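Protein chains in written order, with this note's numbering: chain A, 6 to 442; chain B, 459 to 808.
Source of the hints: derived by calculation from the structure; they are not laboratory data.
Because the structure is a prediction, the values reported are computed rather than measured.
Each hint should be verified, as a subset may be incorrect.
[As the list claims (entries may be wrong)] Pairwise CB distance ranges (calculated):
{"id": "1", "chain 1": "A", "residue 1": "Ser266", "chain 2": "B", "residue 2": "Asp683", "range": "26 to 34 angstroms"}
{"id": "2", "chain 1": "A", "residue 1": "Gly74", "chain 2": "B", "residue 2": "Asp509", "range": "42 to 50 angstroms"}
{"id": "3", "chain 1": "A", "residue 1": "Leu329", "chain 2": "B", "residue 2": "Arg709", "range": "41 to 49 angstroms"}
{"id": "4", "chain 1": "A", "residue 1": "Gly100", "chain 2": "B", "residue 2": "Ala540", "range": "30 to 38 angstroms"}
[To be verified] Beyond 10 angstroms from chain B on every Cβ pair, some chain A residues (computed):
{"id": "5", "residue": "Asp14"}
{"id": "6", "residue": "Glu87"}
{"id": "7", "residue": "Thr201"}
{"id": "8", "residue": "Asp296"}
[As the list claims (entries may be wrong)] If you only want the chain A side, here are some residues facing chain B, beta carbon under 8 angstroms, derived:
{"id": "9", "residue": "Thr97"}
{"id": "10", "residue": "Glu105"}
{"id": "11", "residue": "Ala107"}
{"id": "12", "residue": "His109"}
{"id": "13", "residue": "Lys251"}
{"id": "14", "residue": "His299"}
Quick reminder that beta carbons are idealized off the backbone N, C-alpha and C, glycines included.
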Amino acid sequence: MGARNDRRDVPLPQVLDCLPGPAVVIGMDYRITAANRAYREQFSGAADVVGRHCFQVSHRYSAPCDEAGETCPVARCRDSGEPSRALHVHFTPTGEQHEEVAAHPIPDASGAVTSFLEVIQPIRIASARPSDEGFVGRSPAFNRMLELATRVAPTEVPVLLLGESGTGKERLAQAIHGMSGRSTGRFVPLDCSGITESLFESELFGHEKGAFTGASQRKTGLVETCDGGTLFLDEVGDIPLPLQVKLLRLIETRAFRRVGSTEPRKSDFRLICATHRDLGRMVEDGTFRRDLFHRLSAFPIRLPPLRERREDVPLLIESAAGRLGGGDLSRFHPDTLAALHAYPFPGNVRELQNVVARGCLLAGAGTVLPEHLPDEVLAAAGGGAAQARPNEIVTLAEAERRYLRWALAIYRGDRRELARRLGLTERTFYRKTHELG
Amino acid sequence: MVADRASETATLSALLASFPGPALLVDLKRRVRAVNAAFRARIRRPGAMVDAHCFELLHGRRRRCVSKRHRCPLELCAGTGAPVVAVHRHVAEGRRYPEQTLLRPLFDEDGTVVACLATLEPLEPSTAPEPKVPGKWPIAVAAVRAHLSRLARARSPFLLSGEAGTGKSSVARAIHRLSRSRGSFEERSGSELTAEGLRSLLASGSAGGTLYLSDVHAFGREAQDVLWEWLTRHAGRLRLIVGTDRDLAERAAAGVFRADLLARLAPNALRLPPLRDRLGELPEIAARLLRVAEGPGRTLSPEALERLQRYPFPGNLDELTQALRHASLMATGPTVRVEDLPDKISGGGQ
């Protein structure tokens, strides 16, 4: 080891190799100065990436992410001097994938930031490409939801999921459970809508034999069952007032008594609640306890309705079709896609899945035509493309609009690339897509 | 690769910052070359950690560990050039905790081990369920401190009013504690008690202790009669505190709450102020709640504090606590910024 004061330099790339996921050190000019093995394997097929631009390697962009319309955690980190995180869709060997990117500033001896460490963590509950399982989407509203869910999942903080029916509240609750330290414990759901007071109590807390008429057996309640796991209360806004105080007590003390028993029991669970109601308004109206509301709503996550994430519709159509072994978007007639695009889907993703499944079934092995869609979808699409038939004569301008809608619906990948394929400048491309509304 | 020592330390510490748990880099002379913030928070020891010996920091020893039973994992890792997992009892805050330590060797170009990177994973039982609202009660109590000892000495029943989340239950508990009563503290809500339930509860309380009846406005006529009867005749040792977040005078005027019952309770009423009436204290209150939730080291940016001061907080301390917890989950650095606050406070969102 040599002389007493001999300090050996610590090899930086090897420190990076100790991190569980892909990691790179990036200079002020977005050029990579060091990368770990996981990063090289994910983005460059193990080839060296030192000297290349980070946005080029992970996004195949030709400019930094913030110039391409995404948040760049490195730029934010540079501006604030503090770590920053963002959710991005990256190119990986298995296709496009949601990943959380964390940037940490690396100061020099004087404290000035000279480079950044970027650590990447894949988010496995969602997919940015058509997939027949998990959540599918890549719109900003969807990504925001995903980011919040990923952030809160590993903690013990109670979560409140807010969303219309069909937006996937229970599936998100399950995904949060799956990403938490309690994933080996049970996920216990209870739908609170239309449940009577006495039933709610015995479902949740259990009862002793003979506690009430009909209690011929001792019953273990859900709270007891989910010890060590996650309790999911769906439609929590439907719980009547007298039970709200019991729920509040349970949350505060983690203790409960079986109906007909005086012996207090403890259960260690994480609570996730969901509702489609406006709990804040219910508090104002006096139908929901304010103290319970604040206890439940520590971390609200809004599940966006489909009409707020229209750009995900093609992905969702393809996923729904794929679920039936129905192949890709080329199976759908452009007018069918246009009609699906125009329809607001009040029943959200669940309705879309049903509509697509029905269409695929009716079409058999052939192309899915507008006539294979339910009437309400066609009616909502109005006098536009949806009612057109393949052999109808339309104006060239209309044909261009339809073709552009179709191209937008089926094209996977960079919009710049699509503009190039259509023979348009980016400017013209954006103007034309904008005119589609 | 890195010439300057200080700059090497800075770089290495920054790299370690991205490890989720406590991590440190130790060279073969057992000198700590870098630690991360999670390690500092774990050890909580004054003085410099870089250049200290690992046995000082982790075991509180002055000399390197020599034991027949446990071989030094650093020695093992450097000797074999392979990762080592060991469970050791490490010292933190004067106590010894079992921790799983994973050591990974770092090599130079010739393939010799130069240092080891250690990550620690505490083996304590998983975090207990969170207390009601951590850090809330001293803040709630501070607002009415001047009245507490008087109320604790007086044995007469009294009314605690205040909006939801102002800490009525905390204050009731504080009074129970100050009264040095030998009995226990029990809390029940008026919205779940029947008249019959209330009667038996009051009867069983004759041994002493404190009964805190929250949501007293929710009592029906019959339960109010039970309460009135007890108040007029009571000679037991039970201390009764009733609480509400509604306006009882209004209810009495409307005929849904017994006016004589209210008159009986009113002389000893104590009102807890809503958070929006404590705006001057808000920076201190927020800092305190943040410290309780997060440990030291996280602060609010002036802009974030300003947003908090502009928000009316209908849910008072509970809502503030939840907002800060939300913020500390969303914050990526030591400073809580406006965008880390819940949308309803920051004004952001979709």
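Earlier hints that do not hold, by number
Going through the list in order, the structure violates hints 3, 5, 6, 8, 9, 10 and respects the others.
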